[in-house]
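A.B. asks: Residue numbers (the numbering used here), protein chains in the order written: chain A, 57 to 411; chain E, 2 to 323.
There's no promise every hint is true.
As the list claims (entries may be wrong) - The calculated label-pair distances, taken between Cβ atoms and stated as ranges, are: (1) E/Thr308 x A/Gln154: 48 to 58 Å; (2) A/Thr216 x E/Glu192: 38 to 48 Å; (3) E/Lys126 x A/Thr146: 23 to 33 Å; (4) A/Pro186 x E/Ala208: 38 to 48 Å; (5) A/Asn299 x E/Ala212: 42 to 52 Å; (6) E/Leu243 x A/Arg246: 17 to 27 Å; (7) A/Phe85 x E/Asn179: 19 to 29 Å; (8) E/Ile187 x A/Pro186: 57 to 67 Å.
Said to hold, decoys possible - With a straight-line cut-off of 27 Å between C-alpha atoms, the simulated DSS-like cross-links for lysine-lysine are: (9) A/Lys142 x E/Lys45; (10) E/Lys264 x E/Lys298; (11) A/Lys240 x E/Lys126; (12) E/Lys159 x E/Lys186; (13) E/Lys103 x A/Lys240; (14) E/Lys45 x E/Lys26; (15) E/Lys48 x E/Lys25; (16) E/Lys26 x E/Lys288; (17) E/Lys103 x A/Lys233; (18) E/Lys48 x E/Lys216; (19) E/Lys288 x E/Lys45; (20) E/Lys298 x E/Lys309.
None of these hints come from the bench; they were simulated from the model. We treat Cβ as the ideally placed atom computed from N, Cα and C, and that holds for glycine.
Spelled out, the chains give:
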Amino acid sequence: MMNNKNFSKILVHIAARWTLIFLALEVIFFSVFGTNYFSLRNLQNILLASTTVALLATGETFVIITGGIDLSVGFMVGFSGVICAKVMVTLQAAGASQAVAISSGILAALLLGLVPGLVNGLLVAKLRVPPFIATFGMLGIAYGFAEIISNNVPIMGLPTSVGSIGHGYLIYWLPGKIFAFLQKPENLTRLELQNLVSIIPNVTVITAIVIGIFAFILARTKFGQHTYAIGGSMDAAERAGINVKRHLIKVYMISSFFASLAGVTYVLRFITGRAPAGSARLLDAVVAVVIGGASLYGGTGTILGTVIGVLIIGALEIGLVNLAIPTYNLYIAVGCILIFAVLVDQFFPELVRKE
Amino acid sequence: MKRVIIGLLCGCLVLSLAAGANAKKLRFAFMPGVADPFYFTMEKGAKAKAEELGVELIVGEFPKAWGPEYQVPIMKALVARGDIDLLFTAPTSTEALIPVLKEIHDSGIPIITVDTYLGDGDYSKPSNYSFPLSYIGTDNFLGGQVVAGALALLLDGKGKVFLENTNPDVSSVIGRENGFRAGLKIFPDMELVGVEYCLDVQETAAAQTAAALEKDRDIVGVFGVNVFSAQGAYQAVVAAGLAGAVKIATWDATLTLIEALKKGEVDLILAQMPAEMGSLCVEWGVKHLTEGAELPKKVIPGFFVFTKDNVNDPEAQQYIYK
Chain A
57 MMNNKNFSKI LVHIAARWTL IFLALEVIFF SVFGTNYFSL RNLQNILLAS
107 TTVALLATGE TFVIITGGID LSVGFMVGFS GVICAKVMVT LQAAGASQAV
157 AISSGILAAL LLGLVPGLVN GLLVAKLRVP PFIATFGMLG IAYGFAEIIS
207 NNVPIMGLPT SVGSIGHGYL IYWLPGKIFA FLQKPENLTR LELQNLVSII
257 PNVTVITAIV IGIFAFILAR TKFGQHTYAI GGSMDAAERA GINVKRHLIK
307 VYMISSFFAS LAGVTYVLRF ITGRAPAGSA RLLDAVVAVV IGGASLYGGT
357 GTILGTVIGV LIIGALEIGL VNLAIPTYNL YIAVGCILIF AVLVDQFFPE
407 LVRKE
Chain E
2 MKRVIIGLLC GCLVLSLAAG ANAKKLRFAF MPGVADPFYF TMEKGAKAKA
52 EELGVELIVG EFPKAWGPEY QVPIMKALVA RGDIDLLFTA PTSTEALIPV
102 LKEIHDSGIP IITVDTYLGD GDYSKPSNYS FPLSYIGTDN FLGGQVVAGA
152 LALLLDGKGK VFLENTNPDV SSVIGRENGF RAGLKIFPDM ELVGVEYCLD
202 VQETAAAQTA AALEKDRDIV GVFGVNVFSA QGAYQAVVAA GLAGAVKIAT
252 WDATLTLIEA LKKGEVDLIL AQMPAEMGSL CVEWGVKHLT EGAELPKKVI
302 PGFFVFTKDN VNDPEAQQYI YK
C-alpha cells in the first residue's frame with residue numbers, strides 16, 4: 057500500500073519535471089497529428105531552427121541567475137554577424153585563402169563580440185547601472201554599429217566554404233554504400249542524392265558542444281557556485297569573499313560571447329551578415345530561460361532547464377508549420393506557457409529545483 | 002435484406018478503395034516571402050488554379066518579416082512533411098537560399114521560384130543556382146523602366162527624382178532600381194539625386210525621404226519601390242508641405258495603395274500580376290509532373306499602370322490585389 061505522503065512525493069517529482077513532460081507531450085501530439093513530424097529530418101529542423109535561441113538563452117541563463125538581464129543580445133547577433141561577414145569579405149578581396157578569411161572572420165566576431173559584454177558588465181558591476189537600462193542602451197549601440205559596419209546593406213559574397221560548413225552535416229550515410237564524416241559525397245546520382253541521409257547539422261554540433269561546456273561550468277565548478285551565490289544574495293556573496301564585481305563582468309561577457317557565437321552561426325547558415333539578424337529572438341530567449349525554471353529574481357535556473365525551454369518553443373514553432381496552423385497562434389501558446397511557468401515558480405517554489 | 006445490406010457494404014468498400022486509388026493527388030507547397038497583400042494575392046491565384054486542376058496546395062506560414070532567418074525554418078519544416086511533390090517559393094535572398102533550396106531539390110522535390118529568384122535569375126546557363134525548373138515573376142528591370150517612363154510623362158520629362166528602395170540584397174527591388182535608372186537615362190532633363198534603403202520599415206522610409214527632400218528642395222518625383230517605401234515617402238512629402246508638388250510613383254496595386262491613389266496620395270502605381278504568377282506555378286507544375294513538360298526557364302506576366310485617370314475603370318479592377 058502506498059501511503060499518502062509517498063504518493064505526493066512522487067507527484068512532486070513529476071511536477072518538478074513538468075517542462076520535460078510538456079515537451080514530450082508536445083512532440084507526441086505533433087507526431088500523431090502532423091505529417092512526418094517525428095522524422096530525422098524534421099527533428100533536425102527543430103534543432104537548427106532553435107540555434108539562435110538556444111545560444112542566446114544559455115548566455116542569458118547566467119545573467120538571469122545573477123538576478124540581472126541582458127537585453128542587448130538580440131542585436132548583438134547582427135553586430136557580430138556583420139563583423140564576421142565583413143572581415144571574411146575584406147580578406148577574401150585582399151587575396152587571403154578561404155581558410156584564413158573564414159577563421160579570421162569568426163575569430164574577429166567572437167573577440168570584438170566580447171566588448172559590449174565587458175561594457176555591460178562594467179556599467180552594471182562598477183557603476184551600479186540597473187542591468188535593464190545598461191543592456192537596453194547597449195542594444196541600440198550594437199544595432200547602430202552593425203548598420204554602420206554593413207553600410208545598411210546585408211553583406212554578401214562570402215567565401216563559398218562558409219555555406220558548405222553552415223549547411224553541412226556531421227555524418228552522411230547512403231545506406232549500404234557510403235558512410236562519410238563531414239565531407240558531403242560528390243558525384244551522386246539523382247536517386248542517391250534522394251536517399252542520402254544527413255545526420256546532425258554541423259551548426260548543431262558546435263552549438264551543443266559550447267552549451268555543454270558552459271552547462272558543466274555552471275553546474276560543477278566554483279564559478280557556477282559563485283554565480284548562484286550572487287543571485288541568491290549579493291551581500292552574502294560579498295561577505296563570503298566572492299569578488300562580485302569581477303564575477304558580474306565575466307557573466308555579462310559570457311552572455312555577449314554566446315550572442316556573438318549566435319551571430320557567427322547565423323553567417324554560417326545564411327552566408328550573409330545582416331544587422332537586424334537576431335533581434336526577433338531576444339524575447340524567445342528570455343521566455344525559454346524562464347520556462348526552464350530560472351527566476352527573474354535570481355538564484356535559480358539550470359542550462360538543462362533552459363535547453364528544454366528552447367526546445368518547447370522550437371518544437372511548437374515547427375509543429376505549427378507542419379500542421380499548417382498560422383504561427384500567430386505561436387505567440388498565444390508561448391505566452392500561455394510563459395505565464396504558466398511563472399505561476400508554477402510563484403505558487404510552488406518547492407517544485408523549482410535549485411542548481 | 003441481409004444480402005442487400007452486405008451488397009451495399011461491399012459496394013461501398015469497392016467504391017472507397019477505388020476512390021483511395023484515385024486519391025493519389027498531387028500535393029504542392031507554396032512558401033511565400035513575407036506576410037503582405039502581394040503574396041496573399043498570389044496564394045489566392047494559386048489556390049484557385051489548384052482547385053481547378055485537383056491539386057492539394059499546402060501553404061507555408063507567411064513569414065512575419067522579410068529575411069532568410071524567418072523564411073528558412075518554415076520552409077524546411079514544410080518540406081520535412083515528406084509528402085510534397087513540388088515547391089514554389091519566393092526566395093528571400095539571392096544567395097542565402099541557394100544551399101537551402103539545393104538541398105530540397107536534391108531530396109527529390111522540384112522547385113519553381115516565383116517573384117524573386119536565386120543568383121541572377123538566369124537558370125538557362127549551368128551554375129550552382131540553375132537547378133529550379135523556372136522563374137515565374139516580373140521582369141523587375143523592365144518594370145523599373147516602365148515606372149521611369151510613366152513618371153517622366155507626369156513630370157513633363159524634367160526635374161530631380163529620388164528613389165526609396167527596401168532591401169539591397171533582394172533581387173526584385175534591385176531590378177526595379179536598375180530599370181528605373183536605365184529608364185531615366187532616356188530623359189536628359191531628369192536626374193536621380195539619391196537612393197535610400199528602408200529595409201521594409203515605413204518609418205525609416207519616411208525619415209529618409211524627409212531628409213532627401215530637405216537636402217534637395219527641388220525634388221519633383223519619388224519612386225517608392227513597394228508599399229512600405231511609397232507610404233513612407235508620402236508621409237514625408239505631406240510633412241514637408243509638398244503634397245501635390247511631388248509626384249509619387251509606386252509598385253504593387255494593393256488596396257491600400259489604390260485607395261491612396263484615389264485620394265491623391267500617390268500618383269502612379271505599377272501593378273504586377275501576383276495571382277497570375279501563383280496560378281502559373283500550379284499550372285506549369287502539373288504539366289511538368291504529369292506530362293513531363295519542359296518549363297520555360299523564365300515566365301514573365303505583364304504589367305498594368307494605374308493612374309488617377311484609369312483607377313475607376315471597370316477593366317482595371319482585375320489588377321488590384323485582393
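A.B. asks: Next step is simple, just say for each hint if it's right about the structure.
C.D. replies: Results for each hint:
no., hint, result
1, E/Thr308 x A/Gln154: 48 to 58 Å, "holds, 52 Å"
2, A/Thr216 x E/Glu192: 38 to 48 Å, "holds, 39 Å"
3, E/Lys126 x A/Thr146: 23 to 33 Å, "holds, 29 Å"
4, A/Pro186 x E/Ala208: 38 to 48 Å, "violated, 30 Å"
5, A/Asn299 x E/Ala212: 42 to 52 Å, "holds, 49 Å"
6, E/Leu243 x A/Arg246: 17 to 27 Å, "violated, 59 Å"
7, A/Phe85 x E/Asn179: 19 to 29 Å, "violated, 49 Å"
8, E/Ile187 x A/Pro186: 57 to 67 Å, "holds, 60 Å"
9, A/Lys142 x E/Lys45, "violated, 41 Å"
10, E/Lys264 x E/Lys298, "violated, 40 Å"
11, A/Lys240 x E/Lys126, "holds, 24 Å"
12, E/Lys159 x E/Lys186, "holds, 11 Å"
13, E/Lys103 x A/Lys240, "holds, 13 Å"
14, E/Lys45 x E/Lys26, "holds, 20 Å"
15, E/Lys48 x E/Lys25, "holds, 18 Å"
16, E/Lys26 x E/Lys288, "holds, 14 Å"
17, E/Lys103 x A/Lys233, "holds, 22 Å"
18, E/Lys48 x E/Lys216, "violated, 47 Å"
19, E/Lys288 x E/Lys45, "holds, 20 Å"
20, E/Lys298 x E/Lys309, "violated, 36 Å"
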